[in-house]
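J.: One line per chain: the protein sequences are Y and A, in this order. In terms of my numbering, the first sequence has 34 at position 34, counting the first letter as 1, and numbering is strictly consecutive. In terms of my numbering, the second sequence has 145 at position 145, counting the first letter as 1, and numbering is strictly consecutive.
The reader is advised that the hints may include incorrect statements.
[Claimed, not checked] Short derived list, chain A residues pointing at chain Y, Cβ under 8 Å:
hint : residue
1    : A247
2    : E251
3    : Q329
4    : F344
5    : G349
If you're looking for bench data, these hints aren't it; they were derived computationally from the structure. Note that the Cβ used here is the ideal one computed from N, Cα and C, for glycine as well.
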Amino acid sequence: MSLPVRQEIVISGLGGQGVLFITRILAQAAILKGYPVFTSETHGMAQRGGAVISHLKVGDFASPLIRPSHADGLISLTPETFAMHSNFLKEKAWAVVNGQKKQSDKVLPEAEAKTCFFTQADVLAQKIENARSTNLVLLGYSLQCLSDRFFCDIDDAKQAVDIILSSRFKMQNTALKAINAGYDASMKENKT
Amino acid sequence: MDKRRLMLGNEAIAQGLAEYGCQIATSYPGTPASEILSSVAKLKNKNDLSMHVQWAINEKVAFEIAYAGSMSGLKSAVSMKQVGLNVASDPLMSAAYMGCKGGFLVISADDPGPHSSQTEQDSRMMAMIAKIPVLDPDSPEQARQMIDYGFKLSERFEIPVMIRPVTRVCHTRQDIEPGMICTNPKTPDFEKNPARWAATPKFRFQLHKELEKKLEAISQFPDTEPICRNPETKSKTAVVASGVSGAHCLEIMKESGLFNSISLFTVVQPYPLHQSFITNILSDYEKILVIEETMPVIEMQLADRNKVMGKMTGHTPRVGELLPENVEQIIFEFAGKKYEAESFKPVPGRRPTLCAGCPHRASFFAIKKAARKGIYTSDIGCYTLGLNLKAVDTVLCMGAAISQAAGFYHSYKDEKKRPDIVATMGDSTFFHAGVAALIDAVVQDVRFVLVILDNRTTAMTGNQPTPDSGFGACGEKLNKVDISSLVKGCGVKFVEEGDPYDTRAFTSLMKKAVKYSKETGPAVVISKRPCLLDPAQKKLVQDLPEYEVGDECDGCAYCIDNFECPALILHEEKGGQPSDQADGETDKKASEKKVSIDPVMCSRCGVCVDVCPKKSIREKNQV
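Go ahead and model the full structure; you've got the sequences and the hints to work with.
T.: Right under this line is the structure:
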């Protein structure tokens, strides 16, 4: 008998990068799995090009916010917000960052101690001719490289996309393509 | 089947309004409350509800419309952000005395932090001043349920009831199982009773006495009593918390084991606090810690400074949001438990900025050229961010840009050298609170230029319509009020429109207006260009030409410093990494620097072509 699911994940990036959208996908996936869920978001002035953070808590929680050193994982859409928000991570947590590892080494010596994946999701997003889908590429990537650590898998995420973008078929297809591209990239990059 | 849906706190509030039979819902947009009314509008359209749903011109008007709905016997609700309640405070104070018929909810969303507001004021304190009950939800689901309690309380005692969600309720999503939408509307039935609805001071005194009686009865109303979360714990110490702070306390005390040694009470109705609760907790406990945002509303009512700790005793902070890590530290210290937390050096973040291609940026650029060293008064909206461009000197509250411009003019009137004064204000803000100030400025012959930044929408809060949009909250067709005619009607003689994207023409229009304001009288320029976040605008971008920076760019960084478009990126050296934008440093090793345009960010507005003093930015593929 496994322990009840209890996961706290921070998702961060800059305003306009789609932090809220991937948070919603994961929260919807949690509902599909039958778990209670909280997410907490940034709106208004703070959204205008500034750093955007959302908190995702899956399982039995009362508070919508994650405390520093309590997060199981962090998905960052830029190395800049990874540096800003890595203090949320607890010991042995994981992180997935859009960006080159080299660039971030300087900022983050502690990155080494944790399970950290760096990938250029923005470059891949441009390759699939959808530069604004960096968020979804990184989500697909995370769900592959951390498949054993996540409360849901890629199929749950895809089903969540179907629900959120219900009847907007073109957007659904573009979104699914981006998630798949990230997933496949991780398969290649992280082959053991 | 799993019926749970992921709902934003504001959607959950809207769901509650639709489930419990609200028939008049009004609002003026403001973060964090904006999505309440837009969600009500969606529910009305989806379920074909017989309900009046509208964005009003401001919160005062919104309040009065909804209040008359309640006087007609219909359940009604007005929603707004906390500073909006200041605007609506005049009818609020009076409505408390007169009371209501149909359930009447005043939903005022607070923003501890503040994240997107001018102040951290506590609406619960406003409820206390008005003498009406206030409910403080701890989660989206509880907010939905509170609509039911609120309407019941309001109808039973004929009193307006405030619901006070904070940002962390409004902008939290939770899995919620929605209930049935109410589809049997009541018929309006306004009973004339001038002694009540048009009371003179003599009758007001009577109404005030009745209000006190109502409050006394409400402080004994069982449905909204504080809840003891761990009745099995026997203790002489207690934590009393309200709203989201209560949720943080519950989670932290459970995780740390303190749940078994300290009693936890969560307060549903912070004012009026239940009388029996006050008596019992003060007699049963030796030490009581109160945790609430942002003012000591509960603490004040537990009037025993020897036992009760909180903001007044300095045990909890008086400013800022109570984050769970703060709550954890406060509770641990209260419990005499060692609090170990790693200390983190905060990494500087990015300041917010106007979007790439925002027409406001272009307007500000022209304003600075036309009125160098002027005094720039501004207002509440996205364009507050004009301060990054040094084109905004003051921001006070909705509509103040005009009255403050007048105040500066009167202060400097007799000086030999008067500064140029340029006020900037968005279209929605002008309608909200600018019109009266403009009439006043015309009467007093204030020599200033008002630039109305007309982007056809209320942009900061999510593109709600303005009175000039011609459509309403549910997408229905409405009458339009034309800004230019309105300004002329206020008595302004110089009223001209311009397109800020046409940099040269707009700059000369601004110069003309500044000259007129110095020599003749107040001038108004209407800067017309739709917001780029308006979904209708996005499609157009595809057809526009792309722009590039020529190789001759010498990296002088004039565009970066004076235009601050996020699509313009300064590189340290050719082909190198982008420089850190946050520190704004412009190292003058010019030969190694160069600017480029980020094609993903760029909206192709083309304004930067005229910004570059060396003509290095041009259309792509242009020979």
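J.: Return the numbers of the hints above that this structure violates; sort them in rising order.
T.: Those not satisfied come down to hint 3.
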